[in-house]
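Peer 1: So the protein sequences, as listed, match chains Z and W.
Counting in the working numbering, the first sequence runs from 1 upward without gaps.
Counting in the working numbering, the second sequence runs from 1001 upward without gaps.
Stretch by stretch, here's where chain Z covers chain W in the computed footprint (C-beta under 8 Å, at least three residues):
| # | stretch |
| --- | --- |
| 1 | 1038-1051 |
| 2 | 1065-1073 |
| 3 | 1137-1147 |
| 4 | 1192-1198 |
| 5 | 1212-1219 |
Listed below are several chain Z residues computed to face chain W (Cβ distance under 10 Å; list not exhaustive):
| # | residue |
| --- | --- |
| 6 | 42 |
| 7 | 43 |
| 8 | 61 |
| 9 | 63 |
| 10 | 84 |
| 11 | 285 |
| 12 | 296 |
| 13 | 363 |
Simulated from the structure, these hints should not be mistaken for lab results.
Just so you know, even glycine gets a beta-carbon here, dropped at the ideal spot from N, CA and C.
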Amino acid sequence: MAEPAIKNSEQIDKIVDEGIDTGIARLTPEKIEQVINKVLKTETGARLKTYVETCVHCGLCSEACHYYLSHDNDPKFSPAGKVKQTIWEILKKKGKVDPEFIRRISRIASTECNLCRRCAMYCPFGIDVAYLITIVRRICHMLGVTPLYQQDTAHSHSANLNQMWVKEDEYIDTLQWQEEEAQDEIPYLRIPVEKEGAEIFYSVIAPELKFRAQLIYQAAVILNVAGVDFTMPATPGWDNSDLCMFTGDNEMMGRLKKAHFETAMRLKVKRIVMGECGHAFRSVYDVGNRWLAWKMPPIPVIHAVEFYYELIKEGKIKIAKKYEGAVTFQDPCNISRGRGLHEMARYVVNATCEEFIEMHPNREHNYCCCAGGGVINAGPPYKMKRIKGNRIKAEQLFAAKARGAKVVIAPCHNCHGGIEDIIHHYGLDMELYFLGDIIYKIMEKPV
Amino acid sequence: MHDIYNFVSGPLVWVSFIIFFGGILYRLISMAVLAKKKDVIVYEYMSLQYGLRSILHWIIPFGTVKWQKNPIFTIVTFTFHICLIFIPIFLFAHIILWKESWDISWWYISDIAADVLTIVVIASCIFFLVRRIVLPDVKYLTSISDYVILGIVAAPFITGFWTYHQWPGFRIMGIIHILSGEIMLAAIPFTRLSHMIFFPFTRGYMGSEFGAVRHAKDW
Ligand code: HEM
Ligand code: HEM
Ligand code: SF4
Ligand code: SF4
Ligand code: SF4
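Next comes chain W alone, as it looks inside the complex:
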């Protein structure tokens, strides 16, 4: 078991980080090349000013009519996404690992805060799940892969929480946790989670078309 742990928390971490960063780079470059070949229009009309203007409105809670119209959803999705990125980076347990292997460390949140935020993320995932099952329009768009993706995202939070609280089987759970975190990282560039990579470009392009050509707002 110790061997598995070492493997999962050693080489596999490397692998997942390489897939994560390499994958992002690969997706960005290959898409840029494809766009140059087939959609030069995107380069022609992309405007830094109007692109950023639109992105800014959309990443501010209640910054758009859409966000204002669905306040509950807006609060959930924003807390979910902020915690999603914030927790793993500023978690004490993670920073310890960085400290041990690289001797680097930074500010971290208290364990209580981590617990609370983790529960918030898990609850948000349940919210998304219920929404997917209950709302007919979302259900219509849903395929099995959407549940899988939601599972991939929820897994590190559930298993991390389990391990931290040393519930039964927490040693194995610890290994599963690390694995699930690695799977999530590796999945980001190659599944719909790649929306993280492409959001600035799709939104920025629409913002540019609306702003620079059509002189209208797109939020």
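Isolated chain Z, as found in the complex:
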């Protein structure tokens, strides 16, 4: 018979999160009702209605979700199960819900769904659960209830137009520092800043500056050796990442994308090439541009994987000696399901590595890393939840390892973070690289 949405309170998450807790403390039932109905009335329409009324409660989407699989098929983690606990309940009660309910749905929306869209490929109707969960996040955002760490990142975006409180001089210094370092290896190497009319605007995410500066070094080597005419801006707008897209702060998302596109326009480049980041690609190529009413981005946006593919295919980068040791490849959702780059990625992997071992499932059907959709940005309080929520990824990697794979290549920053934790926690003992790491290692460099 009819099952209650939440069986009992013990299942409610006990994690302390200041962002959510303080937000909840400020809420009243009247405010909640008013905000929910405003969002539903002004921002939703036929899609929400059709998705909710068409869902036949069949559960076919359950096995699509890594959370569901990793929690021993716990119904609360199935895609439709999460919609039931959030959207269905909101609609049934017409927004008359209490603050505790908001706490719960904020947790579900921000830390139990990666918006990876895998379930849309398992629901016969193609019901977009990620879209429905996004509505929940939007409501929580409008109510001021967002996990602390996520909100901090969003604040950084609004204060600095980048994800990690990077100051303008800090950014330029880092580029210069990496340029100098790389010049020890390749004396003619440059990272041209503010070069108007360059072919390519190379854009990165703030974490590359903060703690993965070697990626900028490597990219500079690849771009210089390939003889690519590129530039990086000296102004805000250089960061392509976008956590506001995931907190439901659409207005800020729009500002970020506008700054990014306008920077490209100002520099009069022909295209934007971005580093190995999945969510940033989604925000520039698929989501943020729409908020600005660009059906497709106003300027071609190329993800690193596609760019490497071009460079290798056109012979601009030559391979000195293929990478030895068997590798497997993590298809990031945002560039496989999000842009169909999986075959190009395989071309690059096969061109650069001796032995490639597929993990299963793969390509569009790959499991999400469980870090994406802003979940890793919800921070330390949810780290174990995130790792436990993707046991299935550990099993998938372990199976690839059993067939010989020693290295995981993941061309996405979030995937990297997520998989690193998974490898560590489950004792998988595999190495983890970006595609750029591999290419840098094995390419022909001028001596």
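We have chain Z already, so just place chain W with the ligands on it with the hints.
Peer 2: Leaving out everything else, chain W with the ligands in the frame of chain Z:
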């Protein structure tokens, strides 16, 4: 009783058909208007080619990874849905009625075939019911309305079968049969059975987004 029969098999048939077709039209138009107002994105990104590509994969048995992964379910749901639409249209007993009132008729299946297919549909409904009770994830999503809807769909098949075999009380059962068929038709536009109407649009939209924008498959 004859009066009731005449009423149920006369005016009420009209009513149910009008609700069925009118309802479908109403749902489609009102949703299209709402989408135009609030979700223009759907119009912008809907692509005939990629939408149809996705729909085609999903309406072919085993045409998608999902269908391949659950072979038993796939066989059941496809036979169920095909029979569901096929039987009432090509049933001799129904065609007789069309012939009597409109003097039109078409090809029909043998009564034996009808019997067998009807049993298949009833069995499928039992399968769905059991599944709903037994599988924890489906149970979690289930509300009373899901059982009611399943009942609405199963009823015309059970009662039609009963009437045809002239089991006890078949005269009353005949009336109930016609009523239940009418209820089912009328329920389609206004319950979750409206998935029949919206399937091409939800699937087509996802297929368009995946195909035209994301250059990926969604099956
Ligand atoms: C809407 C008005 C309907 C009318 C007036 C009607 C009428 C009839 C009649 C007169 C029979 C024959 C009973 C006998 O042989 O004595 C029959 C049988 C049957 N009808 Fe209907 N029906 C209607 C709707 C439906 C619908 C919507 C369905 C299914 C979706 C359906 C499924 C069946 C089945 C399965 C049988 C029995 C077939 C067999 O076992 O051989 N009917 N119907
Ligand atoms: C012609 C277009 C239709 C399509 C493409 C379609 C598709 C589907 C799909 C994909 C499912 C989910 C899988 C399943 O549970 O079997 C489903 C379920 C269902 N459909 Fe349809 N359907 C259509 C028409 C109908 C009609 C006309 C009816 C009945 C009036 C119907 C009754 C049902 C029922 C009762 C279920 C739920 C079974 C359960 O309880 O799990 N469908 N349909
Ligand atoms: S995490 Fe992915 S598969 Fe799971 S519900 Fe969210 S979008 Fe669907
Ligand atoms: S979202 Fe799709 S697959 Fe999941 S229960 Fe609803 S109709 Fe079934
Ligand atoms: S981080 Fe990687 S796997 Fe996870 S959602 Fe993003 S792209 Fe997908």
